[in-house]
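Student: For the protein sequence lines, the chains are L and F, in the order given.
Residue 1511 in the numbering used here sits at position 55 of the first sequence, and the numbers go up by one each step.
Residue 26 in the numbering used here sits at position 24 of the second sequence, and the numbers go up by one each step.
Hints are computed from structural coordinates only; laboratory data are not their basis.
Please read all numbers here as calculations on a predicted model, not as lab measurements.
Using N, Cα and C, we set each Cβ at its ideal position, and we do this for glycine too.
Any given hint could be a false lead.
Unchecked claim - Cβ-to-Cβ under 7 Å is the rule here; a few derived chain L residues that face chain F: (1) V1511; (2) A1515; (3) I1519; (4) L1526.
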Amino acid sequence: MRILDTVILLAFIDKTDPLYAKANSYVLELSSEKDIFVPSATLLEFDLELKAHGVDDSARSSIHSKFGRLIPADRILPLTPDVLGRAAQLSQKAKWRNAYFDTMIVATGLEHGADSAITTDHKFRRLGLEAIF
Amino acid sequence: MEIKQHSRKLTKEEFDEIASEIRTLVGDKMKNHEEGDAERLLFKR
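Please construct the entire structure, taking both the sequences and the accompanying hints into account.
Tutor: Dropping the structure here:
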């Protein structure tokens, strides 16, 4: 089982991103391959990225509505108290800057039995998930 | 409680169309994106 990191969604929306082609393939696979899941924390971080860059509320609403058609609802993993607790534990290992969402995404994967994360961020390995791309 | 389900598999053409619509909505706002932008917004004082 694999989980999707936010970097994939960010590359997916930008055709000039060097990761675009593979990111597009991974998002496409969400509706066909049964072993790829999207942590709720990935979606939350993605929304904050849009907000941070001035994408207005109306556009964000439309964007998420359209992602709802690309990502089957049963492929989205919830942010539960167990996930948040595990993320807090992982924070003791994640001493790099901006690790908050990394810990929540990895914790989601670990709590749901994932063995890898689709990401270019190799720091995920330090938290217990193989990083693949 | 009703949970929305979008389980029908999209055709490649449908996927490409929705993806294109998303990219149009985002426009060029994500240029110069840097890792950690979300957290800087979240934790800014």
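Student: A separate judgement is required for each hint: does it hold in the structure or not?
Tutor: Hint by hint, here is what the structure shows:
1. V1511: Hint on V1511(L): holds, closest Cβ of chain F at ~5 Å, below 7 Å.
2. A1515: holds (5 Å)
3. I1519: holds (5 Å)
4. L1526: holds (6 Å)
Hint compliance for this structure: every hint is met.
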